[in-house]
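As given, the protein sequences belong to chains A and B, one line each in that order. Residue numbers for the first sequence, in the working numbering: 1 to 243. Residue numbers for the second sequence, in the working numbering: 244 to 432.
Keep in mind that the hints are not guaranteed to be accurate.
[To be verified] Some chain A residues close to chain B (C-beta under 8 Å, calculated; not the full set):
no., residue
1, E23
2, R40
3, G124
4, L164
5, G166
6, L184
7, R188
8, P191
9, P215
10, D216
11, V219
12, V220
13, A222
Hints are computed from structural coordinates only; laboratory data are not their basis. Glycine is no exception: its CB is placed at the ideal position from the N, C-alpha and C atoms.
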Amino acid sequence: MTSTMQGTLFDLEGALRDRLRPEPVAAGAGRRIAQGALRRLEQLARIRAEFVVDASARGVVAVRRGRRAEAAGAAARRNAERGREELHEYLDGRRAFFAVPVDLTRLAPFQRRVLEGALQVPFGETTSYSALAARIGCAGAARAVGTALGHNPVPFIVPCHRVLRGDRTLGGYAFGLPMKTDLLALERSTPILEGCTSTRILCRVGCAALARSRPDRRVVFASIEDAGSVGYRPCRLCRPDAA
Amino acid sequence: MVPRKDKGETDRDLMRRLQRSGDEQALTQLVLRHSGRMLAVAARLLGSRVDAEDAVQRTFFRLHTHAGDYRPEWMVTTWLYRILTNACIDELRRRRVRPEEPLPAAASTAGRAAAGPEARLDLERALAKVPNEARALLVLRYVEGLSYGELARVRGISVNTVKSQLARGKEILKAALTERPRAMRGERG
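Whenever a hint applies, use it, and build me the whole structure from the sequences.
Following this line, the structure appears as structure tokens:
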């Protein structure tokens, strides 16, 4: 049964079956996919194992390689613990934003401005050194911005990895370009909008209401309209429709 | 489509190993068994082989990092389709956010002269006009032959919604394809 015209009617079922038949897959694709996935897993596990979080009572002051330092005071300890938890959730692909405060008060004013600007780059998106420079009111200072980002004491949480060259090549990264690539890939694989299949409510990933739902009852959507078209409504707690 | 030759272990056995110890060999086995059909679905849904491979890699990456989310009452393939469609749908969201990056499947429009005799290409263009949810269902149904029940499970919707979405998708497809009758006479015609 091939697709034939019958006046204005034609055999759509046949056409779909015919035209959507799977094409042969390139040899070696499976191996390549397995290796790629495993390499990324290994890299993220290494970040998790190697990096520690330091905090003050105001917020996280550093994410660095090395041994954990004893935090001074209960508030600092809480911030460090929270930062560590959120970082691990982020690396596991379960968190699309950091809620823990960041303390940049120990930094020079220019670097602070750069890092505060970097904090505004949304999860899963990227900007350029020059665009960031312009955004913080220092148009033309792309190189200085790059240097300030290169000395970011709070990597991952202050997302200096989301800043690329103007031609969208990677630029630099203090921990090596493979790690920058892996972080960008990680953010690409973490969705933003998820709905719960039993309540039919749509949330932003990281919403407390969503976290209470069973993990196998979550479905990703591309937009609020898409979710609405199959009967999901926006959450009143995290308000994805207001974002 | 993919033979089960490896030590007679079922997909569920492999998932159990993955859940228990993050077993990398188990992950590799699952990739080798299922990545072919996953690639076929992703390529049709995203209209690009490169993006498809990326989405499938993300699917297996997530299968590993979120191994604890799997429940044995799920057929592993249905679970994989759930994760894969999630990854593809999220990719479609990103394209929506950043429209300056061209949509491979939707890059050309009907107004332009039909490039070559490829009816397949016409269908891909028509598919790009179908809203995301209906498109995902159409692709899963016609590339992989999923049942209404499986489709409902994969997308977290009722069987009735599956049916109405498929019907709506087909209507849009039909309209797009009959605009230019030539479209349906493919390489076989």
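- Message: Given P215 (chain A) as an interface hint, is its Cβ closer than 8 Å to any Cβ of chain B?
- Response: Hint holds; P215 (chain A) Cβ to chain B Cβ min 4 Å, cut 8 Å.
- Query: Does R40 (chain A) meet its interface restraint, that is, does its C-beta lie within less than 8 Å of any C-beta in chain B?
  - Reply: Given a least distance of 6 Å, the restraint on R40 (chain A) holds.
- Is the shortest C-beta separation between P191 (chain A) and chain B less than 8 Å? Given a least distance of 4 Å, the restraint on P191 (chain A) holds.
- When the least beta-carbon distance from G166 (chain A) to chain B is tested against 8 Å, hint result: Check failed: Cβ of G166 (chain A) comes no nearer than 14 Å to chain B, outside 8 Å.
- Could you check if V219 (chain A) really has its C-beta closer than 8 Å to a C-beta on chain B? Holds - the Cβ of V219 (chain A) comes within 8 Å of chain B, reaching about 4 Å at its closest.
- Query: With a cut-off of 8 Å, does the beta carbon of R188 (chain A) approach a beta carbon of chain B closely enough for the hint to hold?
  - Reply: Constraint on R188 (chain A) satisfied, holds at 7 Å.
- Message: Given a cut of 8 Å on the nearest C-beta pair, is the interface hint for A222 (chain A) held or broken against chain B?
- Response: holds (4 Å)
- Query: Should the hint that L164 (chain A) touches chain B count as held when the rule is a Cβ pair under 8 Å?
  - Reply: violated (13 Å)
- Item | Hint check: 8 Å Cβ-Cβ cutoff, V220 (chain A) to chain B | holds (4 Å)
- Item | When the least beta-carbon distance from D216 (chain A) to chain B is tested against 8 Å, hint result | With Cβ-Cβ at 5 Å, under 8 Å, it holds.
- Should the interface hint for L184 (chain A) be scored as holding, given a Cβ-Cβ cut-off of 8 Å against chain B? At about 12 Å, which exceeds the 8 Å cut-off, the nearest Cβ of chain B leaves the hint on L184 (chain A) violated.
- Message: For the restraint on E23 (chain A), tell me whether the closest CB of chain B is nearer than 8 Å.
- Response: holds (7 Å)
In this structure, the earlier hints numbered 4, 5 and 6 are contradicted, and the remaining ones agree with it.
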